[in-house]
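Peer 1: My request is simple: use the sequences and hints to build the entire structure.
Below are the chains, spelled out letter by letter.
2 protein chains.
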Amino acid sequence: MNVALEPARVHGFRFAGTSAGFKTQPGAKDLGLIVADHPCAAAAVFSANKVKAATIYITMDRVRGGRLQAITANSGCANSFTGNAGLKLARDSCAAVARETGIDPNLVVPSSTGVIGHLYDLAKYQAGVREAVRALSADGLADFAQAIMTTDTRPKVASARFKLGGKEISIAGAAKGVGMLSPHMATMLAFIATDAAVAPPYLRAALRHAMPTSFNAITVDGDMSTNDSVILMASGDAGNAALRARDRAALNDAVDSICAALACELVRDGEGATKLVTVEVRGARSVADAERCARKIANSPLVKTAFFGCDPNVGRILMAAGSSGAALKSDRLVLWIGGVKVAARGSLLLDALAAAQEKMREREFGVRLDLRMGTASATVLTCDLSYDYVRINAEYTT
Amino acid sequence: MNVALEPARVHGFRFAGTSAGFKTQPGAKDLGLIVADHPCAAAAVFSANKVKAATIYITMDRVRGGRLQAITANSGCANSFTGNAGLKLARDSCAAVARETGIDPNLVVPSSTGVIGHLYDLAKYQAGVREAVRALSADGLADFAQAIMTTDTRPKVASARFKLGGKEISIAGAAKGVGMLSPHMATMLAFIATDAAVAPPYLRAALRHAMPTSFNAITVDGDMSTNDSVILMASGDAGNAALRARDRAALNDAVDSICAALACELVRDGEGATKLVTVEVRGARSVADAERCARKIANSPLVKTAFFGCDPNVGRILMAAGSSGAALKSDRLVLWIGGVKVAARGSLLLDALAAAQEKMREREFGVRLDLRMGTASATVLTCDLSYDYVRINAEYTT
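These protein sequences, in sequence, are chains L and R. FYI, the numbering for the first sequence is 1 to 398, going by our numbering. FYI, the numbering for the second sequence is 1 to 398, going by our numbering.
Treat the hints as calculated values from the structure; they're not laboratory data. Note that beta-carbon positions come from the ideal geometry of N, C-alpha and C, so glycine has one too. Any given hint could turn out to be false.
Straight-line C-alpha distance at most 20 Å; calculated EDC-like pairs for lysine to aspartate or glutamate [claimed, not checked]:
hint, chain 1, residue 1, chain 2, residue 2
1, R, Lys359, L, Glu395
2, R, Lys50, L, Asp370
3, L, Lys88, R, Asp331
4, R, Lys23, R, Glu395
5, L, Lys50, R, Asp331
Anything over 12 Å on all C-beta distances counts as not near chain R; from chain L, calculated [stated by the list, open to error]:
hint, residue
6, Lys23
7, Arg62
8, Gly83
9, Ala205
10, His209
11, Ala245
12, Glu362
13, Thr379
Peer 2: This is the structure in C-alpha cells:
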C-alpha cells in the first residue's frame, strides 16, 4: 500500500491543535482534539507498563464498548503516577470536551504525554478545549500532530487510500515519540482515523494485527512509557458495504501500512537520532529467540554508539547477540552490515569492514544476522545513541 | 572486613605489567603476568555470553583440574570471535610463558581484553612475555593492574588481611572494566590471589558465593562482554591449617569483600561515569522480581541520563520499575532518592524533590524502591550515562 507522510481528510472527522500553555515555549501547540461527527467504531491498545497513566485507565474503560466520538490529547504533562487526583483531572478534561461539543462524555477519551508525576491546570485545559473546538477542521490533522509533540523535532502523520466493499476509503493518523520508546505493546501515542464502515471487533483485530510489525517492532532506548496508546477510530462515512473476508485483508493491510509508517517515523525522529537502522535476525530457532536477539542488538548502548560513530563494530553486535539468550553458535552465524557480509565461520571478514563503514555513513542502513539455527525471523527498527540523546535527557526533565 | 584499595604482597605470587605494543599509545602497559612459585589451588567464573573469547575456552579447560600456576593477560585485543586462529594464538601465548618460566603449559591460562574480532601479533606477545618475566616482582600488582586497563581511567586493586586456621592470610586482586559491563556472570577481568591454603572445591565455592553481591550486581551499560573472567588463586604459603567449617565463613567473607570492592571500583570508573548509584529494590515478591526490577532501573538510559543531569526524575524510575515485569502496584510502592522519600501512595511528593536533587549532586547516592509486595530484595550498582560514554564508544573502536 502507498502511504504518504502527509496529512489527509477523513470523512466524518475534524481535528485541531492549539496552545493551552502546558509547554514552556509561549504559543507552542499542546492540546489536540479529534472529534467525529457521530459515534464511531473504535479500538485501542495500551502500554504494558504496570505503572500506567490516569488517562490510560479511563480510555481502557471507555473504549471497551467499541465506540468513541472524541479524543482530547495534551503534551507537556503525562498525568501519570498522579493517583486519584490524576483520574479526576482526566475525567474533568473529558467533561470539558463533552460540554463544548455536546458529545456524551463516555465517548470522549483523554490522552496525555510529558513529565510523569505532575498534574496540569484544569482551567488552562478548559480554556484550551474551548479554543480547540472553535478551531476544529477537516484539514486540522497537521495541527493535531503538532500539539502532541514532546521531544519530537517534527510532527508525524501518515495517510493512505484503499478500496473496501466497493468504496474508496481514507485512513490517516498522527503519532508522537520519541524517547521512552520501546518494547512490547503500543508505544507512545498514535491516533488513526478511517472513514471505513467497520464493526468494532474487526477494527480491534486489524489494530492488533498491525502491532507486531509496527509499534511493537521499534525501539529508541528500550524504555517503555507509562502512557503508550494507539487509538483507531472508524466513522463509516465512506459508506462501504459490510466487511467480507477478503475485505478484512484490505483493512488489515491499510492499518498495517499506516502503523508501520508512523512507527518508522518515530524511530527516524528518535531522541538525538542520526541513523535509522533495521535490525533483522533470521535463521533463529523460534520467533521468541529472533525477537530477543534483534531487540538486544537494537537496545545495546555499545551497538548504538557504534552506529553513531559509523564504526562497523562487529564484535559489539555479536556480543549483544550472544548475551540475548537466543540459541546460537558463534561459528555458524553470518552477519551483514548494510548488505556487506562482515562475519562468518567464527571470524570477522576484516577486508569487508571498510565497505561496511561506507554503508554506515548513510542515514539509513540494515544489520542482518543469520543464526542458521532454524527458520524463524524478527525485525526491529532502532536508531543510534548520540550526544544529543544524553543532552535531551540530562538537561531537561521529560 | 577492612579492604584497602591498594596493592599488597601475597606470599607465593609475583606480578608484572609491561608494554608489548598492543595499545596504540607508545610504552603503555598492555601485558600483565601473574606467576606463582608453585602450582596453586584455583577457581574461576566466566562470561555467560554465548559468543566467548578463545581465551575463555582455554582457561575453562585448564582450570577444571583446580590448579593453576600462571596467568598471562593482555589488553588492546580481545582475541574473541577469532576462530581456530584465535585458539592457537592463545595457546602459543601460554606456551611462551611456560618456556620462559619453566612452568607446565597446562597450568598457564590466557586472558585478553580489547577489540573483538582481531588477532594480536604473536612475536610481540613473546617479546612482551620475556620482558614481563624479567620484571616479575612481589610488589608488581600495581603494574599488572595497569597492564589490563582498556577504557579504564585508573587501575583497580584491592587487598585485605584476615585470620584463617590460626594464620594471618593475605588476599589481593586486580580488575578492569569499564564498558560492556553487565548482567549475569562475572564481568570483565578480575584476578585475585591469596596465600591461604584452600582446597579447590572450597575455593570454587568461595568465588561463587561472592558473585551475586559483587560482579553480578553491577552494570555500566547492560552489555555483557565475551571475555568476562574472574580467576582466584590460592598459594597456601600462609601455612594455615586445613579449613574447618568456621574458617570457610572467614574465607568467603574475605573473597566477598575483595570482589565487592573491585566490582564497586569498576562501576565508579564506568565509561564516562560521574556518579555511582546503588539501586536497591526491597519488598519484592521474589528475589527474581527484585533483581529484574533493580536491573531494569539500573540499565534504563532515561534513568541514567537523569542521574547525569542530577534530575530527581521519579517518573523515569517508576517507568523502568513498571516495565521490568516484577509484580507491583503503583499505589503501594514507596521510592527514596538519596534517602529522601519522593513517591508514595500513588503520587509524587513534589515538595521533596529539591532535597532529593541536592543528594543527587553528590558523587554517590542511593535509590531505594520498596514494592511492598513481599520480603525479597536485590541491590545493583550502576553509574550515570554521560556525554563521555557516547564519546568513548562512538569515537573509538573498543
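Peer 1: Each of the hints needs a verdict: does it hold here or not?
Peer 2: A quick look at each hint next to the structure:
Between R:Lys359 and L:Glu395, the direct Cα distance comes to roughly 17 Å. Compliance with the 20 Å bound is thereby established for this hinted pair. Distance check on the hinted pair: R:Lys50 and L:Asp370 sit about 15 Å apart at the alpha-carbon level, within 20 Å; holds. For the proposed pair L:Lys88 and R:Asp331, the alpha carbon gap of about 16 Å is at most 20 Å, so the pair holds. For the hint pairing R:Lys23 with R:Glu395, the CA-to-CA distance comes to about 16 Å; that is within 20 Å, so the pair holds.
Taking the CA atoms of L:Lys50 and R:Asp331, the gap is about 11 Å. The hint holds against a cut of 20 Å. Interface exclusion of L:Lys23 from chain R stands, the closest Cβ pair being 17 Å apart, more than 12 Å. No beta-carbon of chain R comes within 12 Å of the beta-carbon of L:Arg62; the shortest separation is about 20 Å. Not every Cβ of chain R is farther than 12 Å from the Cβ of L:Gly83; the closest lies at roughly 4 Å, contradicting the non-interface assignment.
Every CB of chain R lies more than 12 Å from the CB of L:Ala205, the least distance being 26 Å, so the non-interface label holds. The Cβ of L:His209 lies farther than 12 Å from every Cβ of chain R, with a closest approach of about 24 Å, so its non-interface assignment holds. For L:Ala245, the requirement that its beta carbon stay farther than 12 Å from each beta carbon of chain R is met, with the minimum near 37 Å. Listed as a non-interface residue, L:Glu362 keeps its Cβ farther than 12 Å from every Cβ of chain R; the least gap is roughly 17 Å.
For L:Thr379, the shortest C-beta to C-beta distance to chain R comes to about 21 Å, beyond the 12 Å cut-off, and the non-interface label holds.
Violated hint: 8 only; the structure is consistent with all others.
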